[in-house]
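**Student:** Sequence:
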Amino acid sequence: MASVASPLSVIRPFSALRLTAGAGFGFGVPPRRLFLGLGASFLDQLRRMTSSYGSRSLTTLAWQKQGVSPIEQVLKDVEWPDKFPFKDEDFSRFDESLDSLFYSEPRFVTHIDDPAISALTKFYSKVFPPSNTPGVCLLDLCSSWVCHYPAGYKQDRIVGMGMNEDELKKNQVLTEYIVRDLNVNPKLPFEDNSFDVITNVVSVDYLTKPIDVFKEMQRILKPEGLAIMSFSNRCFWTKAISIWTSTGDVDHAYIVGAYFHYASGFEPPMMGMLDHLLPLLASGVLFQL
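In case it helps, full-length UniProt numbering puts the sequence shown at residues 1 to 289.
Read the hints as simulated data drawn from the structure, not as lab findings.
All values reported here derive from a predicted model rather than from experimental measurement.
Among the hints, a few may not be true.
So the derived label-pair ranges between C-beta atoms look like this [to be verified]:
id: 1; residue 1: Ser246; residue 2: Pro81; range: 15 to 21 Å
id: 2; residue 1: Pro150; residue 2: Asp88; range: 37 to 43 Å
id: 3; residue 1: Pro115; residue 2: Gly248; range: 19 to 25 Å
id: 4; residue 1: Arg157; residue 2: Phe236; range: 27 to 33 Å
id: 5; residue 1: Lys83; residue 2: Pro189; range: 27 to 33 Å
id: 6; residue 1: Asp166; residue 2: Asp192; range: 28 to 34 Å
id: 7; residue 1: Thr245; residue 2: Asp113; range: 19 to 25 Å
id: 8; residue 1: Ser118; residue 2: Thr245; range: 24 to 30 Å
id: 9; residue 1: Lys83; residue 2: Val184; range: 24 to 30 Å
id: 10; residue 1: Gln172; residue 2: Lys126; range: 21 to 27 Å
id: 11; residue 1: Asp156; residue 2: Gly248; range: 36 to 42 Å
By construction, the Cβ of each residue, glycine as well, lies at the ideal position given by its N, Cα and C atoms.
Start from the sequences, fold in the hints, and give me the full structure.
**Tutor:** Structural data, given as structure tokens:
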């Protein structure tokens, strides 16, 4: 089976960051550029650019010659619009029934293939605080029976928030869990500055109130915390939002980037390939698995 393309966004809240020697996860953060403010006109243009044989060939040649992906290229020299560029209908779904009904039966399966899982776990091992670090807390949003955290990884507090209690009970990484439908109640029941890391694996495409959720994420993250959103080209298409199902991988990077930007309080994301991971760790990046 071919590996699933799975971009991974890693975003920090604004803060006066410094290199933390020996801490294992503090990074010096240089200035970052903003990337594209996503609008319908740009999505249409991008689809036209990538739909023709010639354009795809040119993109591929540039990728081979320059050693960067098309996603890395399109994020350069772009600006956000002043206002959030999406409409309410962009967050509609084919199936508007209660998500609690859809997720009522547990699914003890993985939603990305083994190479993608391995790459994500390896990434986590590079950016997570060391196991058993006093005072460190993690939150896995839209959690399930697995988090894809490194084997044996432990902290005093690892919270999972998901839709199915049977799945959450089976997750051996979690120290506690909460059953919640974020599309009904996007409020995260935690105090400000509670978590060092927030993860979300292949579920950002189901959020119908993403700005509310991302504002809550920013509120509960500690000043030097990380928010890591991974997403793939697989989904339950009847439950994914329409702007997601009607666009492609490059568009999805912009969509998630827009959530971070318009929620405010996060440093601007960038894009890179996973094999560029180590040299980019000092920057906070949007990665392609």
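**Student:** Against this structure, judge whether each hint is valid.
**Tutor:** These are the hints, each one checked on the structure:
1. Ser246 with Pro81: 15 to 21 Å: Given range 15 to 21 Å: holds, Cβ gap about 19 Å.
2. Pro150 with Asp88: 37 to 43 Å: Hint holds: Cβ distance 39 Å, inside 37 to 43 Å.
3. Pro115 with Gly248: 19 to 25 Å: holds, 21 Å
4. Arg157 with Phe236: 27 to 33 Å: With a Cβ separation near 30 Å, Arg157 and Phe236 satisfy 27 to 33 Å, so the hint holds.
5. Lys83 with Pro189: 27 to 33 Å: About 30 Å separates the Cβ atoms of Lys83 and Pro189, which means 27 to 33 Å holds.
6. Asp166 with Asp192: 28 to 34 Å: holds, 31 Å
7. Thr245 with Asp113: 19 to 25 Å: holds, 20 Å
8. Ser118 with Thr245: 24 to 30 Å: holds, 27 Å
9. Lys83 with Val184: 24 to 30 Å: For Val184 against Lys83, whose Cβ atoms are near 26 Å apart, the range 24 to 30 Å holds.
10. Gln172 with Lys126: 21 to 27 Å: holds, 22 Å
11. Asp156 with Gly248: 36 to 42 Å: holds, 41 Å
The structure agrees with every numbered hint stated previously.
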